[in-house]
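*Asks:* Based on these hints, arrange chain H on the given structure of chain D.
Protein chains in written order, with our numbering: chain D, 1 to 489; chain H, 490 to 1540.
Calculated from the structure, these hints are not laboratory results. There may be inaccurate statements among the hints.
Rough simulated footprint, nothing fancy, chain H against chain D, three-plus residues with beta-carbon under 8 Å [said to hold, decoys possible]:
1. 55-65
2. 275-281
3. 452-462
4. 475-484
Heads up, the beta-carbon is just placed ideally off N, CA and C, and yes, glycines get one too.
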Amino acid sequence: MKIKILAGIAAVTLFGSCSGDFLDADVNEYLTKNRKEELVKTSPKSIALLVNGSLDGVYNLMIDNGLNGNTSHDYFGLKSIQLATDLTGEDVVQDVHHHFGFDYNVDNRSATYRRTRLMWALFYKMVSSSNSILDDYFAVETTDKDLLALKSQALAIRGIAYYHLVNLYQQTYKGNEDKWGVPLVLKPTDDKKPRAKVSEVYKQITSDLRFAVENGAITSTKKDADKLVAAAYLAKAYAQMEKWDSVEVYSKIAINGATLMSQATYENDFVSISNPEWLWGNDINGETTSLYASFYSHADNTIDGYASLGVTKSIHNKLYEKVNNTDVRKKLFVDNVLFPSIAAKYSKLKNYVGLKYKSPADFTGDYCYIRVADPYLLLAEAQVEQNKLAEAKATLESLIATRQTGYSAAAFDSQDALRQEIRLQRRIELWCEGSMFFDFKRWKIGIVRNVAGTNHRTKIDVPAGDKRWVYQIPQGEIDANPNIQEQNP
Amino acid sequence: MRRFLTLLVTLVVFGASASLAQTRQVSGKVVGADDNLPLPGVNVLVKEAPTVGTTTDANGNYTIKNVPSNGKTLIFRFVGFQVLEMPITGTQINASLKSESKQIEEVMVVAYGTAKKSTFTGSAAAVSEKQLTKIQASDPTKALEGALAGVSVISASGQPGQSTQIRIRGIGSINSSNEPLIIVDGAPYDGNLNSISSNDIESLNVLKDAASAALYGARGANGVIIVTTKKGKSGATSVSFNGKVGYNFRGVQEYDIMKDPKQYYEMFWEGLYNKGVYTDKLNDADARNYASNNLYSILGYNSYDVANNQIVLPNGQLNPNAKIRYKYADWNNWGKELYDPQLRQDYNLTITKGTDKSKIYFSAGYLDDKGYNQNSYFERYSSRISYDTEIFSWLNFGASTNFSRTESNWTQDGSSYTNTFSWTRSIAPIYPIYLTDANGNMVLDLNGKPMYDFGEAVTGLNGGRAYGAKTNPVATQNEDINNYLDYYINQNAFATFKLPYNISFTTNASIYGNWATSNDYTTPIGGSGLTYNGISTKYKAQTITYNFNQILKWEQKFDDLTVQLMAGHETYKKNYDIIYGSKSNFLDPENNEWANAAKVSSLTSYAREYLLEGYFGQTTFDYQNKYYLSASLRRDGSSIFHKDNRWGTFWSIGSSWRISEEEFIKGIEFINNLKLKASYGAQGNDYLYLANSTSRSYTPYNTLYEVTSNGTDLGLSPKYLGNKSVTWEKNMNLNVGLEFGLFAGKISGEFEYFNKKTDDLLFNLPVPVSTGFTSIPTNIGSMKNEGFEVSLSSNLISNDLLKLSVNANLTHYKNEVTKLPDEFKTSGITRSGDQIIKEGGSIYDFYMVKWAGVDPQNGDALYWIKNATTGQYEKSTNYDASSRQKIGTAIPDATGGFGTTLEIMNFDLSLQFAYQIGGLFNDSQYNNLMHGGDAGDNWHTDIYNRWTPSNTNTGVPRVEYNNQQLTQSSDRFITDASYLSFKNLTLGYNIPANILKKANIKNLRVFFVADNVYLFSKRKGMDPRVSFSGVATTAVYSPIRTVSFGLTLNL
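Just chain D, with the same shape it has in the complex (with noise of 0.2 Å):
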């Protein structure tokens, strides 16, 4: 019997409750945003850390391809947009129906679209990644110089991230001012902001860049979006804008007395990060590498990825027609009849396949989201604009002669045939480099695809201010924000 009463009192104690924090379960595979506060007030080192760390979460997340879930291979972050923008364009051919076999179609737009919807979650991610940078770490003023060279990043970051958004879900700023942009989140507790108009979000990039390049530092690294990186977009968005003088201005900024690249350097080292006229860009090595999922198995037709699969990238043939056959460039595509040496290199590889971009067989070739042969050309263009045409010659000069060896533009006596040389030393120069199909639209030239003779596949043309030119945005937000006043055509 006490042996019974010893077990029913053994019995209740067992029913005690367990201590009180027993139910907070341990979180150690992310980072929680309590922790985060505890850090933030831990040492300045860690704040450094968090600051870099959160920059470098964004720079990080331009080159992944696991955006919100995605697992298809032909998302891998920017450098999958500008492809797809690129291939939605007039100046690159998807030989084989494949992955971007849509956007090469002129037809990867709706509103349903994986494309449209990584686009916006991309760039919006990059806003909001920004927001919380400037929240967290900046929210009071300071005058620290490294530390606002540090706020200028996140600025950077934001004002490019705009730029991409509202040149994909508008038509250019020129003539549009009017209409429905994108929605401006411009701090962390924003929600469901309704489309502002072009004009207002012109006005928060300008104002974005502007502050990055006054208060931005250039830093030794070219993962960052530094001084010269925002100086280079806020030279494009003055583009789209053809506020020429300010074009002129900040792309001398980007320039920043850059070396150009030996032609060397450009048919055979063109994907590294070191190449000198890299402004922004990011270090592919076997860790970031997304493998079939990134831009070389796309683009580089020359190691086995998707391209080499036979859905090889090419030169529209009418284009290549106009590179000089001394220009370096030339030799950037297989010719069997100028280059046959190079061709039996890629002898599975036909005439126009590009070779621009010739990365290591594991995919690690390096991304570059903008050099400084943009901006180059930019201010070339500025200059020409401006009826500048002596400085705008000389101009295009210093930097086409690196190519095509005594290069001169003195045939070009007129500002329309200047400008029109410009533009096509742009096409040619920055082919599939992810610019062209912005240019495209505030040159306001449509696509003709549909001529005698040509390599493409998708025989179509689209006239400039089509509505093909602007991608719907994207259901989900749609469906989530009922702000959004209108929908794109």
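*Replies:* Showing chain H alone in chain D's frame:
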């Protein structure tokens, strides 16, 4: 032995005193009623003088010499047999004891205990051991398929080792788990059920309503499945062996796909010709030349011995001179190389032994389940030992240990080219498997083995395969590894104390451990691993769960009333940790260890934790064995929620009325059983998924940041937007049922109505993507599942010669989303590309652009497109996704199963079927096979009915290379998902006892068994059983048909 001594002492002491009175002698023989074999050790006592008695000897004989004069009755007691009383009518009293199991009232396993079926107020159903062991599946819950009303079971693929997905009475949640809670021997089970051999399971009980499941409050919302493993039995030592050997075949046939290169080339030629005519606006002759000239360059391969531009002539016909240039058979039959029936072996040994005080169970099993797809298998070693004993009269103790080791290799699925099922279905029949020289012969390597054709261009021979270039699954399937090795230990122990005043106290402790190793290796020899020279991803993960509960029970009888009270406390803790990494660039292709590789591509480790604590109580009242009432209450705290919102209260009330026990019914001869029952209660769900993921959200109240890396610097990214106020999802569950048994068991069954309403749905509420996040966890919205289920069974014929029984069940329910957040009231929430969740609709409603047929003029695909100005839907070629309309739901009108068992003499035959009526399935595989003209992709033979100028009245648009317009997403491929599955056929023969007797064998049965015998669906090849939602976007491992011979031997 002690019992004998006690008895001896008793006999000596009391017998001596009794002998003073007048006595007489009684003797006799005791046998078992089943087999008429003598029973040794049977206690024989005089009822009126319980101290007088004896036990039977080895031959079942007994003699009681001193039966007192007042002794009128003998009591025969033996473990495992019903107690028998016989009047002492002479000096020779023979007894025949009936085994206990047949007499005892049906008892069912319920939450924290057992209940008599007759008194139970809730809704539960069970699959017995007999049904379980018939099914040849690695996951025992496969036996639930079609077996029980209200329970739907699917397998996402036929891969050996594949787990099932189970839904009980509909779909209760949107963003939280819909899987039922699995309880194994009293403890929540978080592992793979394929670690447990069906042979070790006594029963699978499914608790469907609140009265039965609310005691598991926290996690009972989706129903509960209680797995009860076998325990030792008292009685003589029993040894049984069960073995099955057979073959695994492909269970569902391939779609009717093109197999002849001639047909493919001609059809593709037509696609090119149509592109010339309709897109490039060429004239007829130019289009014909264009098609003939470009056929080879686009497809890359010429299977014939004619010039590349003359495979198909401009008249659209294969060149009459063309002969296949490959000089070996089956050059394009990929399926033949990849799929081959494989051996399946399953052996189990069970030993039980016990007295009424101590019982032991031991088993060992081996399963070798090889898939018919190369290099796919599941192998299991399992053993189990269980021991129950009465230590003191007031203390019972028991423990069981289950160990198993499973190893499986999975073949690729998803959309990759290494998915063989996708490959064999979709590759055009013009591409050879082996590398071929200019003469059409196989190219051999230096070892004399044929080399594989990876689809690469060979100058002068081939251009590069348009389908899956640089890939050859026949070559890489055996080299690629996707291996999972798991060790499981599940340890349970309990102690029950009998305390004064009919109180008992039980404590149960369980520890479950799973040590998992995964090894995913993509060979560098070809396929997707070629580029980075092989890549190997490995992880080692450990899951340990602890469950500890303490339960007090009290039971008291007061005349007509029996009261039971129970109170308990339970804690549960789950720890998971993982180390995960991958490396690429391998030296030796045959060594997948990281020691053989150069480049680290990822490395990470982390742990996860889940904790739960609950207090619960239950009371039941039984009045006159006619009226029953039960009530339960549970309060649970979960680590999933913030501490301010952590605790939830769950409850149930239930009642039942055995109408058949009423006097006014008792007179009605044909009614044997009639019981009405009703229950209502609340259950919870805390299993929220991370947005865009199938992983659990462990602390949704936290906003989370993720550390990312670019190889050197650390990055920090917002990952997850948390919400402190998120709390339990609540499920209000009403059940009303009628059980009946008529005509002496000829018909028995159950009809139940249920209405499950889920409120405060755990919801990943989409937030505008412009915020940078995709969703925030909230409790918002309601959904209900209302329906009924019917189970019927009948012993149609039951006599000594012939027994025939049939059973059937049917479930119908309607799922309705009754409330959504305001902002989604009109637009709904996109669930997947083609499904939108809207108020008033079901969770699996398809919204698609409606197919409007084919324009007879030109073969254009027409869609019903909304006219922007009139708002009317018009037939148009201008496809616009915003013209989506509601098509219907994937939820079927009815599901269920039926079966029959026939026993004639020593033969037995059973057939089982599962079925579904109604519901829609998006047959995306068929859709892919009906493409407009994708280079290298095969066609379904239905494409022969495409539009041509001479076949204008058709539902299949013209073929045209690279024309998206013809194959836009629409309801064209939405198909009725009704099916009938012939699930299992078992034919057995019991070797007659008189033959076995000589060999000292109790029982020997030989049998033939076939699983997944045949599937009848709307389209050959279409298997709607792979998905609840009606959406299956990729080709899956087609289910296995297993055909085996087996034997069961009892010693």
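*Asks:* What are the numbers of the hints the structure violates, in ascending order?
*Replies:* 2
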